[in-house]
Structures are given as structure tokens and as C-alpha cells.
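Chain by chain, the residues:
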Amino acid sequence: MQKEEIVNRLTPVFRKVFADNSLVITEELSALDVENWDSLSHMLLISEVENEFAIKFKLKDLNKMANVGDMIAIISSKL
Amino acid sequence: MVFTSFNFLVFFPAVLLVYFLLPQKFRWMFLLAASYYFYINIKPVYALLLAGVTLTTYIFTNLIVRTKSEKSKGIYLVLAIVLTLLPLFFFKYFNFVNEGIYGLLNLAGLRLPLPHISLLLPVGISFYTFMALGYTIDVYNEEVEAEKNIGIVALFLSFFPVVMSGPIERASNMFHQLKGKLQFSYEMVVSGLKLMLWGYFMKLALADRLSIYIDAVFKNADQHVGSSLLLATLMQPIRVYGDLGGYSLIAIGCAKVMGINVIPNFNRPFFATTMSEFWRRWHISLIKWLTDYVYTPLSFGFRKYGQWGIVIALNLTFIISGAWHGAALNFLVWGFIQGIALSLEMLTRKRKDAFEDRFKLSKRWWYIMLGCVFTYLLFAFSLSFGGDAATVPEVLKIFGRIFTDSFHMPYKDGDTMLYGFIAFSIVFLKDFMEEYYPGRILLFNNKNNTVRWLSYYTVIFLIFYLGIFSGEQFVYFQF
Amino acid sequence: MLTFLKKILIFISPFLILIALEIMIDPFNYFSPEKDKKTAELKNALARKKNTYLYRLIEYEQNPTPVIILGDSRAQRLMPDFFEEVNGKKVLNLAAGAGSLQDVIKIFWDLSSRNKLDTVYIGISIEGYSGTLLKDRVSAALEVKNSRPLYLTSKFTVENTMLILKSKLFKQPVEVQAPPFSREEFWKYELAQEDRYLKAYSYPQNYYNELKKMSDYCVKNKIKLVFIISPTHTEVQDKIAQFKLEKEYEKFKEDMKLFGDLYDFNWPNEITRDKNNFLDPLHSIDSVSRIMIREMILNKPEYAKYSKFTPLGN
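Chains as they are written, first to last, in this note's numbering: chain R, 163 to 241; chain Y, 6 to 484; chain V, 1135 to 1448.
The reader is advised that the hints may include incorrect statements.
[What the hints assert, rightly or not] Stretch-level coverage of chain V by chain Y, calculated; a stretch enters the list once three of its residues show a Cβ under 8 Å from a Cβ in chain Y: (1) 1255 to 1269; (2) 1408 to 1416.
[Stated by the list, open to error] Here are the simulated distance ranges between beta carbons: (3) Asn1280(V) x Leu334(Y): 56 to 62 Å; (4) Leu423(Y) x Lys1250(V): 40 to 46 Å; (5) Pro1283(V) x Lys73(Y): 55 to 61 Å; (6) Leu109(Y) x Lys1250(V): 33 to 39 Å; (7) Leu423(Y) x Pro1283(V): 54 to 60 Å; (8) Met1135(V) x Arg445(Y): 41 to 47 Å; (9) Asp182(R) x Asn451(Y): 42 to 48 Å; (10) Thr455(Y) x Lys1183(V): 56 to 62 Å; (11) Gly311(Y) x Pro1283(V): 38 to 44 Å.
These are calculated hints, taken from the structure and not from any lab test.
Beta carbons: idealized from backbone N, C-alpha and C, even for Gly.
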């Protein structure tokens, strides 16, 4: 899957989890940039992303996700 | 030897002298020798245990890295965790678990004799065990490379400033420093000494002073009126802050003098307006460890359960934190209280934020103060469960008396209360200024030489004038 | 690195000078007994104000006596010199102002573990035999005594060193602190203090147990244990009835009789009714102390209600 397609499918997920319909995701976006991105919403996000792409993250992957760019890379590697 | 003993005041300068006179490449070796000397001085036999945990960690981290199969890596990880936790379990939790099991069997009508082990807890075991576990898990998660030099691993786990009572360090922060250039840096030496000086003040003038009152009341709880019990309860967080916070500063300062940066452990905790914020400012190294190695895996494992998954993860994490502090029911209760408080905060977060936004509360000073006070009270009362001698029914009895006893003047101990108040005011003012008006008043860091030296001398004088010097054991020792 | 070393040396130089002064002046005679009589008096006077226990414990270690006196400020007024005058036996008075029974117990066990004691006099009162007076100032003094670094860093040592230095340099005698009130005001003040103690009274089961242990030990080791209830003015004695503590007061005396000899000087008689026999309601003058000492040593109780100790068979 191309990166662009991943971003397109991720955007609604992010918007749903963070209840923000204007949210635009970039590769550098991280928890520090979004209000309400705490441990709860992080896990919800992970769960929703797994559902959306029908993949399963490993705990190892979690630690490697510093920003959305990392997340895209990991999603890509699982598809 | 403890930081507040005269032995240490001789040991540390001696170590520094040799350390800085040695050629740079031998320094880490000397630190290892000094650390083991320091530890053996506490009890020689326990040094063997430390060495054993070191060896286990070294072997398994390298095994994990060498094998290619995921399954083997997993097996090695589990083995490492079990073997590393075994001594801690044995020394700390054996009796507790035993009594639990035999209690249950008793209920079923089976009376069996109870094997009881009365062993003194090896100093620092809770700390270095966590450090070893953290490192091993990091290697498994490919966050950190397995260290091939067993000496470095040994130094990491035995490093004398932190071995007894933290901060709980990480391989990712320490290894590159220990293997790197250990140089004399004038700024770091002076900065480290300032931290140590302030740490000594917090420990000797504040914590040890308040301990006199708190212990006098709680050791004879029956003889004291409700107002004394209340006063002692309210003093508890300040006492622990002075104790563990002061001790951490001495540890961090000590390491800094030698050119090594250790993570902070406290960040002006009493200015937290919520328990969640409090736990980002209190015993930071422990919480970070628990977050990374317990909370995150748990919440990840429960991610399908949404916010209830988080609640379970939070509570389990804090109950484990309680267990880490002590092998008794009251410690678990303490942990559970934190878990509940944080869960409630999480569950009501959105509504609270909306409420605050509506009335623009978050910037009002009285609202902030209210938050700080409420958080403090909650923590103060929860701390009653965190004592070695406390049992749940006793603590509840004390709470009952606090709220139902008719008012009498609290137990008064003139000197203790006066000097304790002075010490507390000084610490509070410093933290207050740093929190809300940083840079406004500089004493230790003033540009003027005279002001700086005067403030050093003043603090030293205050330590001797207000401080308590009877070898009182630091609370976090039997850890 | 060198600049740092130089700076550090300059920084700690005042402390080195202080330590040198402390060792030279030695306000508590830690390093050796004081030979000069005037200086000894000066040190004694200062120690009484700051840390009596440390001074006396060191004194005892340097010159152990078979007879000791323990207790609070009332017991402190029993002059050791007069004891010696009456029966030639050397006595050391280790009582201190505001001394608690806790202090007495701690000193007893420390001294008896190191020397064979002959007789132990304990000044006791119902204010002291109370569950609310638990303060322990002896443990700290013992720790300082047993540790040279602690001694040199103790604020008492520092303060007294400075005071002695000042006195020697400026040839000034040490002022004894006169109370800021007149005699009458002080009289009333002391009575009010007594009220506070009596109001807070609670039966001290802990002290009962401790004294029993002490008593048993003394029987076993053939040490004579003597309890002294020093005389207080009748205005103070009346307060027992005022606070309805008659039963507790009787129990207190009965308890003492279980543990050792008891000389009770604290009852209404011509001495205790006369204000002229007292410095303040709680403390009698020297001539009264002499009467007490003579009666106890010669065992001729006139003003004392004497009760002989008979150890119960085990």
C-alpha cells in the first residue's frame, strides 16, 4: 500500500479518536502536538488503527512509534 | 554506609581524589571497585547476590541477542525475568505469600506449620532488580544493545550513588556515559556539590526533624488525640519528600560530580493540581519504570477494552507499585488508592476540562491552589497506608479518631515543630519560587561570588543548626 | 582541577579552624577532664544550660561513682558535695532540668552496663510518672558521646566553644540567666505550668513496666534503689485534689514502693507550708536539700515519710 493511501485511511481514525474533524496528520505529528493525546487515547488509537488495517501491533512496535511517520512505516511493513 | 554518615563524608572525597587522578580509561573500573567496596561495607554476603543478579542479566541479555529465533528470545526473556525476580521475591515476599497461602489453607481446615524466614532485606535489592529487569526487557525489545563488557553491566547495577535507593536508572542513559569520557568538569563538580548540599538540607533538617514528631505520634497512636494524629498525617508527604527527595538529590549530585548525569526523581511535587500530575512529579524514576515496563504492556494488552482496560492497567500498575514498597496488605491498599484516584481522573477528564474551560478556571490562582491542596490531602491520607508498621484496621482506626475526636490541642514538641517549620518554609519557598518565578531570586546560582558563598555557608550552618544527627535510618533503605 | 582544589580548601578553612577551636577548648571535656577550676565551673554552667546530659555522662565516664542521682530539676538540686560530707561516698548528680523518666531509664541502663553501681537515687513526681511525658534527650546525648565526629559537629559544642572563647577573650563571666519576671510572677507562672502537667496526666503503664525491670535488676545485682519525692509547696500539693487525682497519686506512691525505698517529702508540714523554704513552688532551697540528704543517708526520716522496700519472693 502506498504511503498516501495509508495517510488517507489514518486520517478519519485520528479524527474520530481525538474528536477533531479538522485534524491533519503529518509525519512529524506526535502526542505532544495533539491535545487529549494521553495514554488512554493512545491505546484507543492503536486499537482503532489495528481494526482499520486488519493488522496486529506488537509491544515492540509501540516503543518504536515516536510520531505518525514511524506509525506509517510500521503499518506499511505489516501489510 | 549511608550518605548521612561520617564514613561517607570520608569515603566520597577519597574516591573523588583517586578517580580524578587516574587516567581516564581506568576510571570506570575504579568506580566499579569503589561501588562494590561501598556495597560490601553494608553487608558482604549481599554483594554476592548483587553479583549473581549481574551475572544472570549479562548472560541472558547476550543470549537473547545471539539467538535468531523469536521463540528462544521469548524463553530467555522469561527465564531472565524469573531468575532476576527470584531473590527479590524470596527476601521480600516469601513470608507474605506464605502467610496468604497458609491462611487460605487454614480456612479450608488444613493446619500446616508455617515455615517462616526472617531475613533482613538486602539493601537496594528492589532498586537494582528493577534496573536489571529494565535492561533485559530493553534488550529484548531491541531498544538497547546487549553490553558485551560484563564490567560495565556490573557497574551499572552497583553504581554506588544510586544502588541503595535510586533513582532507578536505565541502560539507555547510563551505558554510554559509563563507557564514555569520564572527565573532570568544573561546572558539573560544582553543580553536583550544590545538589548534594541541598539534598543534605532536605534530609537532615526537614525529613529527620519531622520524623521525630511523626514517629512520636504514630508509635503511640493510642495515647494521642485526633488533632495530633491529623497533624502527623499531614506532615507525612513533606517528610517523605525530604527523605527520598533529599536522598535522591545527594545521589544525583554525587554522580554529577563524577561526570555522570542521572535522571531526576522529584520535580516540586506539591505544586501538582491533580494526582495524575503528582505522579509525574513524585518518584519519577519509579513511575517511568512502571509505565514503561508494566503499564504500557498492560494497557496495550487490554486495549480492546477501551477505558476500562486503562482502568485495570492503572490499578494493577499501582498495586504493583504498592507491593514494591512493602510486602503487606496495607501497601497494596496504598497502591490501590492511587490507582482509583488516577482512574477517576482519567474517566472524568473530558468533563473536567470542559468545566474548567467554561469558567476559565485553569489560570486562576485560587483554583490552582485548591487543586494543589486537594491533591496533597489525598496523598497525605493515602500515605498512612504506606508505613511499615501500619495495618489496614489500625489506619482506619486512626482515620476514625481524626474525624470523630473532639478537639484538643495537638501534642506539642516545641523545638521539633519550630525547627521543622523553619526548614519546611525554606524548602517550600525555594520550590515555590522555582515553580512560579524561576530565575527571579538566585542564591546558589547567583552571578555574584559573595552571594553564592554566603548562601552555601548559610545552608551548611542551617543543616547543623536545624538538622538531626542521630544515625536515623533513611526510610527507603530496606528496599 | 587545581583551581577547584584551591577554592575548596579556602571554602572549608573556616570549618577546619572551628574544629581546631573545639578540640582545644573542648566544652564538654570530651577529650580530657578540665584541670583549671575556673574553666571547669564555666563549662559546667554552660553545659547546664545547653546539654547537661552530655556533660554529666562524660564526667561519669571519666570518674565513675558508685552512687548516682537521677531525675528532673528537683533532683538536680541535691548537692553531691553534701552527700560526700555526710558519709564520705562520692556521688554524681546526673539529673537535669525537664528530665523525664525516659531519660532516667536510659541513663540507668547505660551506666549500670559499664560500672557496678551501689545506690541509685531517683527523684520522681507524679508529673514525671505520667504517660504524656515521654521525651528522651539522653539517647541523643549518648550518641554524641560515643562519636567524635558527632561531638565536633554538634551545635551545643559549637555554641559553648564560642561562649567559652568569648568569655576568655573578654574576661567576662558567664551570665546566669535570671528569669524575666519578679519572684511573685514566676511563682504564678510555675503554678500554671503545674496545671498543664496535671491536666495532661495519664497512667504510664510503660513506665510501670520499665521501673519493674529496673527494680528486678537492682535486686539481682544488689543495687540499692531509692525513690525521692521532693517537697513542693502546699499550693502545688493542693492541686492534686483540685484536678481530682487523689487516687492516681496514691497509686503512684504505691507503685514506687513496689520498686524501691521511698522517701516522700511531699506532704503538708512546716517546711512545705512556708514559702521562704522555696525558690519557686516546685523547688526547695539548699537548706531543705541538706535536710533531705541527711535524712536519707542516715536513714533518720523526720520530714520524710519513709517506706522500706521489701522485694517480693519470686
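Can you let me know if the beta-carbon spacing of Gly311(Y) and Pro1283(V) is within 38 to 44 Å?
violated (60 Å)
Is 33 to 39 Å a correct range for the gap between the Cβ atoms of Leu109(Y) and Lys1250(V)?
violated (56 Å)
With respect to the beta-carbon atoms only, verify the hint that Leu423(Y) and Lys1250(V) lie 40 to 46 Å apart.
Since Leu423(Y) and Lys1250(V) have Cβ atoms about 42 Å apart, the given range 40 to 46 Å holds.
For the pair Met1135(V) and Arg445(Y), does the Cβ-Cβ distance stay inside 41 to 47 Å?
Hint violated: Cβ distance 34 Å, outside 41 to 47 Å.
Confirm or reject the claim that Leu423(Y) and Pro1283(V) have a C-beta distance inside 54 to 60 Å.
violated (26 Å)
Within 56 to 62 Å: is that where the Cβ-Cβ distance between Asn1280(V) and Leu334(Y) falls?
violated (39 Å)
Do at least three Cβ atoms from the stretch 1408 to 1416 of chain V come closer than 8 Å to Cβ atoms of chain Y?
Violated - the stretch 1408 to 1416 of chain V has 0 residues with a Cβ nearer than 8 Å to chain Y, which falls short of three.
CB of Pro1283(V) to CB of Lys73(Y), is that within 55 to 61 Å?
holds (58 Å)
I want to verify a distance hint. Is the separation of the beta carbons of Asp182(R) and Asn451(Y) within 42 to 48 Å?
holds (46 Å)
Check whether three or more residues of the stretch 1255 to 1269 of chain V sit with their beta carbon closer than 8 Å to a beta carbon of chain Y.
Satisfied; 4 residues make the cut.
Cβ separation of Thr455(Y) and Lys1183(V), checked against the hinted range 56 to 62 Å:
violated (34 Å)
When the structure is compared with the earlier hints, violations turn up for hints 2, 3, 6, 7, 8, 10 and 11 and for no others.
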